[in-house]
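Heads up: the sequence lines are chains V and D, in that order. Sequential numbering from 5 applies to the first sequence in our numbering. Sequential numbering from 490 applies to the second sequence in our numbering.
Think of the hints as simulated: they come from the structure by calculation, not from any bench. Certain hints may be false.
[Said to hold, decoys possible] Cut-off 27 Å, straight-line C-alpha distance, at most; resulting in silico cross-link-like pairs (DSS-like, lysine-lysine):
| # | chain 1 | residue 1 | chain 2 | residue 2 |
| --- | --- | --- | --- | --- |
| 1 | V | 276 | D | 499 |
| 2 | V | 276 | D | 549 |
| 3 | D | 625 | D | 523 |
| 4 | V | 276 | D | 560 |
| 5 | V | 137 | V | 115 |
| 6 | D | 613 | V | 276 |
| 7 | V | 204 | D | 819 |
| 8 | D | 523 | D | 596 |
All figures in this text were calculated on a predicted structure; none of them were measured in a lab.
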Amino acid sequence: MSDELLVVENLKKHFPVTRGIIFQKQVASVKALDGVSFTVNRGETLGVVGESGCGKSTMARCIMRLLDPTDGTVTFDGRDITRISQAEMRPVRREMMMIFQDPYASLNPRKRVGFIIGEALEVNKMGSGAEIKRRVQELLDIVGLNPEHYNRFPHEFSGGQRQRIGVARALAVNPKLIVCDEPVSALDVSVQAQILNLLKDLQNEFNLTYVFIAHDLNVVRHISDRVMVMYLGTVAEVAGRDQLYSAPKHPYTGALLSAVPVPDPELGRRRKRIVLEGDVPSPINPPSACRFHPRCPRFHEGVCDTVDPPVREFGDDHAATCHYPLESWPLTEAQMRRAEEPVAN
Amino acid sequence: MALLEVRDLKTHFLTDDGIVKAVDGVSFSIEKGKTLGIVGESGCGKSVTCLSIMGLNPRKMSTTTGEALFKGENLINASSKRLREIRGNDIAMIFQDPMTSLNPVHKIGDQLAEAILLHRDVTKRQARARAAELLKAVQIPRAERRLDDYPHQFSGGMRQRVMIAMALVNDPDLLIADEPTTALDVTTQAQILNLMNKLQEEFGSAIIMITHDLGVVAEVADDIVVMYAAKIVEQAPVDDLFKRPHHPYTWGLLGSLPRLDTDVDRLVQIPGSPPSLLNPPVGCRFNPRCAYVFDRCKSELPELEPVPGIADHFQACFLDEQTKERENEKLQAGSLAGGTA
C-alpha cells in the first residue's frame with residue numbers, strides 16, 4: 005500500500021458563461037480551477053489557504069466528485085475516480101467525507117440529529133436499526149455531545165455544537181479522508197479552539213487524513229502538516245508547514261503572511277506589512293502568464309506577464325510557481341521590490 | 490474632558506420570554522484621536538452597547554439607562570431630532586456587513602451625497618463633488634466614474650471602503666466601527682486597517698472598534714475593553730492587556746488563538762458556550778466556564794476594580810494576585826492547561 009492517499013493531477017474546472025435563452029452559446033468560461041496538482045499522504049493534514057474566489061471550495065467539490073472536473077485526474081487510494089460512474093462512486097464516498105463551513109445551513113432543520121448522523125450508515129446498509137442507533141450514540145459521545153440528545157433537532161444546538169454534529173456525521177462511516185471546507189470560520193474564537201482540538205484528537209485516534217481548507221493562516225498553521233497556497237485557480241506554493249511559514253518563496257505567500265494580524269501589540273508595531281493593492285482579478289479573464297503579476301510587488305515587465313512561471317523546487321517538498329522567488333524572509337518592502345535577475349532554471 | 494464618556498450604561502430588551510439584559514452596567518471613556526477596542530464573543534453585548542450610544546435600539550422594545558456623555562451632552566435622553574443631527578455628523582458608524590448595509594437599488598454616488606445633503610447646506614453638484622473626493626480618499630480607482638455604479642458592481646473590500654467613505658462624509662469626531670473587517674480576506678483587511686489608520690491621522694477622529702479578533706485590536710487599539718455576558722470583565726491599555734491579562738476569560742481568549750509565532754500542541758479552550766442573558770448565572774457570570782472557580786465566585790458578583798500597582802488596568806475577578814501572575818506566566822509560555830472537551 006502506497007503512502008499517497010490522494011493524488012490530484014492537473015485538475016481543471018471551467019464553468020461555462022452563456023448568453024441567450026433558447027439558443028445558448030458559450031461566450032466565456034470561469035476558470036475556477038486551472039491546473040492544480042498535489043498529493044496528500046496517509047495520516048497527514050494538508051492545509052489549503054487562499055483568498056475568497058481562488059478556487060478552494062471548487063477544488064474540494066471536484067475531489068469529492070460533487071462537481072465533475074473539466075480535465076485532470078483525481079486518484080484516491082490508488083484508483084482513478086475522475087470518470088467513474090455515480091454507481092461506482094458510491095462505495096468510494098464511504099471512504100471520503102466532508103465537513104462544511106456553515107453549521108446552520110449544512111444540517112437539515114427538519115430531521116433529528118440521530119437521523120442526520122446515521123443516514124450514511126443506513127444508505128450504506130451498515131447495520132440494523134438498533135446497531136445504527138448505538139453507533140450514532142457512540143459518535144455523539146466521541147465528539148463531546150450528550151448521547152441522549154439523539155432525538156433533538158438542529159435548532160436546539162448552538163453553532164459549535166452543530167459543527168460537532170457535522171463532524172460526527174463525517175465520522176460515521178469510518179472514512180479515510182475528510183475534506184474540511186472552512187469548518188471553523190463561522191465560529192467564535194473560544195468555540196473554534198474546541199473544534200480544532202477535537203479535529204486533532206480524532207485524527208490521532210482514528211488515523212484520519214484531512215484536507216483542511218481555510219482562509220485564516222493562523223488556523224491552518226495550527227492544524228496542518230503541509231500547506232498549499234492557492235491564487236486564482238492555481239497553486240502558488242506548497243511546502244511543509246514550518247518551511248512555508250518561516251521561509252516563504254512566493255511573493256503572494258509573503259504578502260499573506262505579513263497581512264495576518266498578530267495578537268501581540270509590540271511585535272505588531274515592529275513588523276512591516278506588505279499591503280497588496282487591488283482585488284483578486286476575475287477568473288473569467290485571468291491575467292496572462294503569472295496570475296499574480298498585476299498585484300505583485302516584484303513584477304517584471306516582459307517576464308511575468310508573458311512567460312508562464314516555472315515550478316521551482318526548494319529542497320525537500322517545497323515548491324513555488326514564480327520567476328522571482330523570495331531570497332530570504334522577512335523582507336523589507338524595498339527588498340521585496342528589488343528582485344534579482346530571473347534565476348536560471 | 491473625554492470625548493465620549495459612558496457611565497453605567499444598561500440596555501434591556503423586553504421579549505416574550507422575559508427581560509434580556511443585553512448591556513448591564515458598562516462604563517468606559519475615550520479621548521480625541523484615540524482608538525478603543527471592544528472585544529468579546531458573539532452575544533456579549535458589544536454591538537448593543539454601540540447601538541445604544543447612537544440611539545439606534547428600537548424604542549418600543551428596549552429601555553436604556555445610564556449616561557453617554559458626548560462632549561458633555563447626554564445622548565441617552567436626547568430627543569430623536571437631536572440624535573438625527575448628531576448621527577452621521579458628529580458620530581458615524583461603519584457596519585459589519587458591507588454586502589447588506591448599502592442600498593442595492595441606489596447608485597453609490599447618490600447614497601454618499603444623501604448624507605452630505607442632510608447635514609450641510611450645499612447644492613447637489615457640490616455634494617457630488619465631495620462624494621467623489623471621498624471615494625478618492627478611500628482609494629477607489631476612477632472615483633468620478635464609479636459614482637454612478639451600483640453596489641453590486643463593487644467587490645467586498647471596495648464596498649467596505651464605500652462604507653468608510655460614507656462614515657467620513659462630515660468629518661465625524663467619533664467613528665464607531667462594528668467588526669469592519671470580519672467579512673474580508675486578510676489582504677483586504679490589511680488594506681482597510683491601513684486606510685483607517687491613515688484617515689485617523691488625517692482627520693483626528695476617535696475610533697471605537699468592535700471586534701472578536703484580538704489580532705486586529707492588538708494592531709489598531711490604544712485601549713481595550715473585554716466584555717463577557719453584558720459586562721466588562723477587563724479593561725486596560727493595549728500593551729498591558731496582552732502582557733499582563735488579569736481575567737481568566739481573557740486568558741482563554743488569548744490562549745484559544747492559534748498564532749503564527751508560537752507553537753502549541755493543543756489550544757486553550759474555554760469549555761461550554763456563553764450563557765443566555767435571560768437569566769445569567771448567579772455570581773460571576775463566567776463561573777460555569779471558569780477553570781479557577783471557587784465558592785465566592787458562585788454567590789458574589791465581582792466588581793470592576795483597579796489592578797494594584799498598574800495604572801488604568803481594571804479587572805473583575807476574585808482570584809488573588811499570586812495565582813494570576815503564575816497562570817499568566819504559563820499563558821505566555823504557551824502551557825496553560827485550560828479546560829477539556
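Hint by hint, here is what the structure shows:
In summary, the hint linking residue 276(V) to residue 499(D) is not supported, as the alpha carbons are separated by about 41 Å, beyond the 27 Å threshold. Taken as a hint, the residue 276(V) and residue 549(D) pair is broken in the structure, with Cα atoms around 49 Å apart against an allowance of 27 Å. This hinted pair checks out: residue 625(D) and residue 523(D) have alpha carbons roughly 24 Å apart, not beyond 27 Å. With a C-alpha separation of about 36 Å, the suggested pairing of residue 276(V) with residue 560(D) is violated against the 27 Å cut-off.
About 15 Å separates the Cα atoms of residue 137(V) and residue 115(V), which keeps this hinted pair within 27 Å; it holds. A distance of roughly 42 Å separates the Cα atoms of residue 613(D) and residue 276(V); the hinted pair therefore is violated under the 27 Å criterion. A threshold of 27 Å between alpha carbons decides the hint, and for residue 204(V) with residue 819(D) the separation of about 22 Å falls inside it, so the pair holds. This hinted pair does not check out: residue 523(D) and residue 596(D) have alpha carbons roughly 33 Å apart, beyond 27 Å.
When held up to the earlier numbered hints, the structure conflicts with 1, 2, 4, 6 and 8 and fits the remainder.
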